[in-house]
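2 protein chains.
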Amino acid sequence: MSASATTERDLHTTIEDALQRRFAERSSAAEVYGDHFSALWRLAADHVLGGKLIRPRLLLDVHRALSSADSSRENTVAVEIAADVELLHYAFLLHDDVIDGDVTRRHRPNLIGTLARLHAETTSAHDVSLHWARSGAILMGDLLLSSALLGFARATVADETRRRLLDLLEHSIVETVAGEHTDVGLSDGMITPDLATILAMTAYKTATYSFALPLRAAAILADATPAVEASMITIGRHLGLAYQLQDDHLSVFGDHVDHGKDPYTDLRAGKETVIIAYARETRAWTSIEEGFGRQDLSQEDAARIRDQLSGCGAESFSRGLIEDQLESAHSALDGGSGHAEVPHAARTAILNIAESLRGRRR
Amino acid sequence: MSASATTERDLHTTIEDALQRRFAERSSAAEVYGDHFSALWRLAADHVLGGKLIRPRLLLDVHRALSSADSSRENTVAVEIAADVELLHYAFLLHDDVIDGDVTRRHRPNLIGTLARLHAETTSAHDVSLHWARSGAILMGDLLLSSALLGFARATVADETRRRLLDLLEHSIVETVAGEHTDVGLSDGMITPDLATILAMTAYKTATYSFALPLRAAAILADATPAVEASMITIGRHLGLAYQLQDDHLSVFGDHVDHGKDPYTDLRAGKETVIIAYARETRAWTSIEEGFGRQDLSQEDAARIRDQLSGCGAESFSRGLIEDQLESAHSALDGGSGHAEVPHAARTAILNIAESLRGRRR
Numbered sequence: 001m002s003a004s005a006t007t008e009r010d011l012h013t014t015i016e017d018a019l020q021r022r023f024a025e026r027s028s029a030a031e032v033y034g035d036h037f038s039a040l041w042r043l044a045a046d047h048v049l050g051g052k053l054i055r056p057r058l059l060l061d062v063h064r065a066l067s068s069a070d071s072s073r074e075n076t077v078a079v080e081i082a083a084d085v086e087l088l089h090y091a092f093l094l095h096d097d098v099i100d101g102d103v104t105r106r107h108r109p110n111l112i113g114t115l116a117r118l119h120a121e122t123t124s125a126h127d128v129s130l131h132w133a134r135s136g137a138i139l140m141g142d143l144l145l146s147s148a149l150l151g152f153a154r155a156t157v158a159d160e161t162r163r164r165l166l167d168l169l170e171h172s173i174v175e176t177v178a179g180e181h182t183d184v185g186l187s188d189g190m191i192t193p194d195l196a197t198i199l200a201m202t203a204y205k206t207a208t209y210s211f212a213l214p215l216r217a218a219a220i221l222a223d224a225t226p227a228v229e230a231s232m233i234t235i236g237r238h239l240g241l242a243y244q245l246q247d248d249h250l251s252v253f254g255d256h257v258d259h260g261k262d263p264y265t266d267l268r269a270g271k272e273t274v275i276i277a278y279a280r281e282t283r284a285w286t287s288i289e290e291g292f293g294r295q296d297l298s299q300e301d302a303a304r305i306r307d308q309l310s311g312c313g314a315e316s317f318s319r320g321l322i323e324d325q326l327e328s329a330h331s332a333l334d335g336g337s338g339h340a341e342v343p344h345a346a347r348t349a350i351l352n353i354a355e356s357l358r359g360r361r362r
Numbered sequence: 001m002s003a004s005a006t007t008e009r010d011l012h013t014t015i016e017d018a019l020q021r022r023f024a025e026r027s028s029a030a031e032v033y034g035d036h037f038s039a040l041w042r043l044a045a046d047h048v049l050g051g052k053l054i055r056p057r058l059l060l061d062v063h064r065a066l067s068s069a070d071s072s073r074e075n076t077v078a079v080e081i082a083a084d085v086e087l088l089h090y091a092f093l094l095h096d097d098v099i100d101g102d103v104t105r106r107h108r109p110n111l112i113g114t115l116a117r118l119h120a121e122t123t124s125a126h127d128v129s130l131h132w133a134r135s136g137a138i139l140m141g142d143l144l145l146s147s148a149l150l151g152f153a154r155a156t157v158a159d160e161t162r163r164r165l166l167d168l169l170e171h172s173i174v175e176t177v178a179g180e181h182t183d184v185g186l187s188d189g190m191i192t193p194d195l196a197t198i199l200a201m202t203a204y205k206t207a208t209y210s211f212a213l214p215l216r217a218a219a220i221l222a223d224a225t226p227a228v229e230a231s232m233i234t235i236g237r238h239l240g241l242a243y244q245l246q247d248d249h250l251s252v253f254g255d256h257v258d259h260g261k262d263p264y265t266d267l268r269a270g271k272e273t274v275i276i277a278y279a280r281e282t283r284a285w286t287s288i289e290e291g292f293g294r295q296d297l298s299q300e301d302a303a304r305i306r307d308q309l310s311g312c313g314a315e316s317f318s319r320g321l322i323e324d325q326l327e328s329a330h331s332a333l334d335g336g337s338g339h340a341e342v343p344h345a346a347r348t349a350i351l352n353i354a355e356s357l358r359g360r361r362r
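So the protein lines, in turn, are chains G and U.
Using the working numbering, read the first sequence as starting at 1 and increasing by one per residue.
Using the working numbering, read the second sequence as starting at 1 and increasing by one per residue.
Okay, chain G solo, but in the shape it has when bound:
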C-alpha cells in the first residue's frame, strides 16, 4: 500500500472514530427517553458511518496541508469540526429525503426506508409506517443540525477563530437551505427552470456546504489569511459544482453498475438539471417531455430518453460544463483572477481531489 493510501485510510478511520464516539454518547444519553429514541440514534449512526465522508476528509486533508507539522491540539479541534460538517451533511440529507419522498439512497434503504420497514413489522398500514419514518427523519435532522452548530460553538479555539467559524457555518446553512428551497420551487412549478437558475441552485444547495465549507473551515482552523480563505470560496464553489453536475451526469449517462444511484431516478423524479435545461431549448424536447418525470417510466423508455438527451447535445454540454468548473478551480488555485495563491501542500491536496472528481464513476 502506498504512503498516500495509508494516509487516506488513516483520515477515514480518524473521522469514523470521532463520529462513532459522538453517536455512542448520544445513543446512551437517549436511553432515558425510551427505546425508540435511542434506537433512532443507533440507526442514524449506522447510516452516517456507512457514508463516504467526503466532506470531513476534504477538511482534514487540506487542514493538514495548511498546518505546521507540530499542531496536535489544533488537529483535535479540526477532527471535531470535520465530524460536525458530516453531521450537518447528514441533517441536510434527511430533510431532503423527507421533502423528496425518497426511501432509498445508493441501492439501500435510507433512514426513512429503514424506519418504515421496522414499523411495518407491527402494522400493515403503509401510510402510518411512512409517517413514523418521516417524522423520525425530521426529528433526527433537527438533532444533528443542532449537534453540528453546538460543535462549532464549543470548539476550543480563540474567540476570533470561533467568530469566523460561526459566520461561515451560518452562511453555509442559509445558502444551502436557500438552494434547497429553489430546488423545491423548480419541482413544484413556482420557479422557471432556466440554466442560470439551475446552476445557481446547484452552487447554493451543494457546492457551498460540501466544498466551500470544509475548505474554508480548514483555512480558518489553520490560521490562514482571509485572502486564502477567499480563494477557498471560489475553489470550493467550482469543485462543488463539478461534483454535483457530475452526479447529475452519472445518474443519466453513467454506468449504473458503477454509479451508486438507482438508474434513471433523476429522469423519473423529473429532476431539473442542466442536462434538462439544455434539452428544453432543443427540438428533441417535445419527445423527451412525454416521459420526463413519470414515476412509472420503464428501463427501456428511460434508456430511450437518455439516448435522445445524448443526441440533442445535452450530454456533451453537461460534460463541457463539468470541465469548465474544474478548470476554473485550477485557475483560482494558481492565483488567477486576483485570487491569493494557495500554499503548495494544500494546492497538491486540492488538485488530488479535483483529479479524483474528474475520473470518478460513482
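Hints are computed from structural coordinates only; laboratory data are not their basis.
Model, not experiment: these values are computed from the prediction.
From the three backbone atoms N, C-alpha and C, an ideal C-beta is built for every residue, glycine too.
Heads up, some of the hints might be wrong.
List time: in silico SDA-like cross-link candidates among lysine to any residue, alpha-carbon distance up to 25 angstroms [claimed, not checked]:
no.: 1; chain 1: G; residue 1: 52; chain 2: G; residue 2: 8
no.: 2; chain 1: G; residue 1: 271; chain 2: G; residue 2: 107
no.: 3; chain 1: G; residue 1: 271; chain 2: U; residue 2: 39
no.: 4; chain 1: G; residue 1: 271; chain 2: G; residue 2: 225
no.: 5; chain 1: G; residue 1: 271; chain 2: G; residue 2: 175
no.: 6; chain 1: G; residue 1: 271; chain 2: G; residue 2: 105
no.: 7; chain 1: G; residue 1: 271; chain 2: U; residue 2: 120
no.: 8; chain 1: G; residue 1: 271; chain 2: U; residue 2: 123
no.: 9; chain 1: G; residue 1: 271; chain 2: U; residue 2: 52
no.: 10; chain 1: G; residue 1: 271; chain 2: G; residue 2: 347
no.: 11; chain 1: G; residue 1: 271; chain 2: U; residue 2: 131
no.: 12; chain 1: G; residue 1: 271; chain 2: G; residue 2: 229
no.: 13; chain 1: G; residue 1: 271; chain 2: G; residue 2: 255
no.: 14; chain 1: G; residue 1: 271; chain 2: U; residue 2: 126
no.: 15; chain 1: G; residue 1: 271; chain 2: U; residue 2: 130
no.: 16; chain 1: G; residue 1: 271; chain 2: U; residue 2: 121
no.: 17; chain 1: U; residue 1: 52; chain 2: U; residue 2: 80
no.: 18; chain 1: G; residue 1: 271; chain 2: G; residue 2: 8
no.: 19; chain 1: U; residue 1: 52; chain 2: U; residue 2: 120
no.: 20; chain 1: G; residue 1: 271; chain 2: U; residue 2: 36
no.: 21; chain 1: G; residue 1: 271; chain 2: U; residue 2: 79
no.: 22; chain 1: G; residue 1: 271; chain 2: U; residue 2: 35
no.: 23; chain 1: G; residue 1: 271; chain 2: U; residue 2: 122
no.: 24; chain 1: G; residue 1: 271; chain 2: G; residue 2: 247
no.: 25; chain 1: G; residue 1: 271; chain 2: U; residue 2: 10
no.: 26; chain 1: U; residue 1: 52; chain 2: U; residue 2: 114
no.: 27; chain 1: G; residue 1: 271; chain 2: U; residue 2: 128
no.: 28; chain 1: G; residue 1: 271; chain 2: G; residue 2: 195
no.: 29; chain 1: G; residue 1: 271; chain 2: G; residue 2: 191
no.: 30; chain 1: G; residue 1: 271; chain 2: U; residue 2: 124
no.: 31; chain 1: G; residue 1: 271; chain 2: G; residue 2: 93
Covered stretches of chain G (chain U as the covering partner; in silico rule of three or more C-beta atoms under 8 angstroms from a C-beta of chain U) [to be verified]:
no.: 32; region: 25 to 37
no.: 33; region: 147 to 157
no.: 34; region: 170 to 176
no.: 35; region: 185 to 196
For this one, chain G is given, so just place chain U on it according to the hints.
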C-alpha cells in the same frame, strides 16, 4: 393602566422589536436568493410576531426580577436570548405542524396553510401546493433552529455563562425532540398510551423548553447560583405541565369561543392526552372509542364524547392534575423538598404567571 400592565406592555414591545429587527435583517439578506426565499422569511415574521410571546416574556420578566437595577448591558443580552427562545419555539411549531399535518393554528392558517394558499393561486394541484408549503415549513424550521443556536453561541457573556447557556439549550432541544418523538410513537401505535408515558411525554415535549428553558436562562444570565437554577428546573417542569395539561383540557372542555383552538380538534386527531388515558381505564371507553380519532366527527358527536369524558371522571381527574402541578410549583418556589428558595422579586413574578395560568381560558 396600572404600573404592572405598563411593564407587561413594555416587555411585549421590547421582544417584538428584537424579533422584528432579526427578521428584517434576514428577509433582506435573503433577497439575493430570490423572491420566494425572502417572501418565506417575511411570512415567517408575520406568524412569529402574531404569537403571544409567552416564553420570552417569562424569561425577561424573571430576569429583571433576579437582576440588580443597574444592569443594562446584561438586559440587552437577555432580550436577544429571549428572542432566540421564541425562534426556537416557532421552529418546533413548524416541524410539529409538518408532522401532524396541521394547516391552521388558533383559527387562522399557519405558515403551511398560508404558503399552500399562495401556491394554489398558480395551480390547481392541491398535493403540489401542500408539498411546496410543507417543504417551506421544514426549511424555515431549520433556519430558525439554527438562528436560535447561533444567538446563544454568539451572546456577549463570560465564557462560563456561555457554556452554561449552551448546555441548557442542548438539553432543552434533545428533550423536546425526544418528547415529540414519543408523541409520534403514541399516535402511530408504536408506544402504549398509558398515563405515565403521556405525562413524561408532555413534560419533555412542552414543559422543558417552554418553561424550564426561559426560567433557567433567566437565572444563568442574572448570575444566580446553580441551586436557584436547579429550583427553576422543578418550577418550570410543573408550570409547563400545568400549562400543557390545561391546553389539552380546554381543547375538550373549554369554551371554544374563548379558547383559540378549533373545537374538539384533539378528539378528531385522536390526540393521546391524560384525559384519554384516564378514560381508557373506565367502562365509558367502549363507547368513546367509536368516535375518538375520527376526522369526520360531527360537532354533535364530539360534544357527546365530551360529555362522556366528563361523566366518566376524566374531566375532574384532569383538573385535579393541573392543580397538583400548580401546587408543586408553589412548593418548590417556597423552598420545599430541599429546593433553594427563589429570591423574593422573582418569586412574585413567577407567582403572577402561575396565577394567570390558573385563570386562563385560552
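Each hint, compared with the structure:
At roughly 12 angstroms between alpha-carbon atoms, residue 52 of chain G and residue 8 of chain G fall within 25 angstroms of each other, so this suggested pair holds. Proposed proximity of residue 271 of chain G and residue 107 of chain G is supported: the alpha carbons are some 18 angstroms apart, at most 25 angstroms. Simply put, residue 271 of chain G and residue 39 of chain U have alpha-carbon atoms about 24 angstroms apart, close enough for the 25 angstroms limit, and the pair holds. Note on residue 271 of chain G and residue 225 of chain G: the hinted pairing is violated, with a Cα-Cα distance of about 39 angstroms set against a maximum of 25 angstroms.
Straight-line distance between C-alpha atoms of residue 271 of chain G and residue 175 of chain G comes to about 20 angstroms, which keeps the hinted pair within the 25 angstroms bound. Of the pairs offered as hints, the one joining residue 271 of chain G and residue 105 of chain G holds, with about 16 angstroms between alpha carbons and a cut-off of 25 angstroms not exceeded. For a cut-off of 25 angstroms, the pair hint linking residue 271 of chain G to residue 120 of chain U stands: about 22 angstroms separates their Cα positions. Between the alpha carbons of residue 271 of chain G and residue 123 of chain U the distance comes to roughly 19 angstroms, so the proposed pair stays at or under 25 angstroms and holds.
Taken as a hint, the residue 271 of chain G and residue 52 of chain U pair is broken in the structure, with Cα atoms around 41 angstroms apart against an allowance of 25 angstroms. Pair hint residue 271 of chain G plus residue 347 of chain G does not hold up; C-alpha atoms about 34 angstroms apart against a cutoff of 25 angstroms. Of the supplied pair hints, the one linking residue 271 of chain G and residue 131 of chain U holds, its CA atoms being roughly 15 angstroms apart against a limit of 25 angstroms. Of the pairs offered as hints, the one joining residue 271 of chain G and residue 229 of chain G is violated, with about 33 angstroms between alpha carbons and a cut-off of 25 angstroms exceeded.
The straight-line distance between the Cα atoms of residue 271 of chain G and residue 255 of chain G is roughly 19 angstroms, inside the 25 angstroms bound, and the hint therefore holds. With a C-alpha separation of about 20 angstroms, the suggested pair residue 271 of chain G and residue 126 of chain U falls inside the 25 angstroms cut-off, and the hint holds. With a C-alpha separation of about 19 angstroms, the suggested pair residue 271 of chain G and residue 130 of chain U falls inside the 25 angstroms cut-off, and the hint holds. A C-alpha spacing of about 23 angstroms is found between residue 271 of chain G and residue 121 of chain U, which places the hinted pair at or below 25 angstroms, so the restraint holds.
Taken as a hint, the residue 52 of chain U and residue 80 of chain U pair is honoured in the structure, with Cα atoms around 17 angstroms apart against an allowance of 25 angstroms. Note on residue 271 of chain G and residue 8 of chain G: the hinted pairing is violated, with a Cα-Cα distance of about 34 angstroms set against a maximum of 25 angstroms. Distance hint between residue 52 of chain U and residue 120 of chain U is unfulfilled; the C-alpha atoms sit about 29 angstroms from each other, more than 25 angstroms. Pair hint residue 271 of chain G plus residue 36 of chain U holds up; C-alpha atoms about 19 angstroms apart against a cutoff of 25 angstroms.
In summary, the hint linking residue 271 of chain G to residue 79 of chain U is not supported, as the alpha carbons are separated by about 44 angstroms, beyond the 25 angstroms threshold. Simply put, residue 271 of chain G and residue 35 of chain U have alpha-carbon atoms about 21 angstroms apart, close enough for the 25 angstroms limit, and the pair holds. Between residue 271 of chain G and residue 122 of chain U the alpha-carbon distance is near 20 angstroms, which keeps this suggested pair within the 25 angstroms criterion. A distance of roughly 12 angstroms separates the Cα atoms of residue 271 of chain G and residue 247 of chain G; the hinted pair therefore holds under the 25 angstroms criterion.
Simply put, residue 271 of chain G and residue 10 of chain U have alpha-carbon atoms about 50 angstroms apart, too far for the 25 angstroms limit, and the pair is violated. Simply put, residue 52 of chain U and residue 114 of chain U have alpha-carbon atoms about 19 angstroms apart, close enough for the 25 angstroms limit, and the pair holds. Among the hinted pairs, residue 271 of chain G with residue 128 of chain U is consistent with the structure: their alpha-carbon atoms are about 15 angstroms apart, no more than 25 angstroms. Pair hint residue 271 of chain G plus residue 195 of chain G holds up; C-alpha atoms about 13 angstroms apart against a cutoff of 25 angstroms.
With a C-alpha separation of about 13 angstroms, the suggested pair residue 271 of chain G and residue 191 of chain G falls inside the 25 angstroms cut-off, and the hint holds. At most 25 angstroms may separate the alpha-carbon atoms for a hinted pair to count; residue 271 of chain G and residue 124 of chain U meet this at roughly 21 angstroms. Between residue 271 of chain G and residue 93 of chain G the CA atoms are separated by roughly 16 angstroms; this keeps the pair inside 25 angstroms, and the hint holds. Here the region 25 to 37 of chain G counts 6 residues with a CB under 8 angstroms from a CB of chain U, which clears the bar of 3, and the coverage holds.
Using a Cβ-Cβ cut-off of 8 angstroms, 5 residues of the region 147 to 157 of chain G lie near chain U, which meets the minimum of three, so the contact claim holds. Counting residues of the region 170 to 176 of chain G whose C-beta sits closer than 8 angstroms to any C-beta of chain U gives 4, which meets the bar of three, so the coverage hint holds. Counting residues of the region 185 to 196 of chain G whose C-beta lies closer than 8 angstroms to any C-beta of chain U gives 5; at least three are required, and the coverage claim holds.
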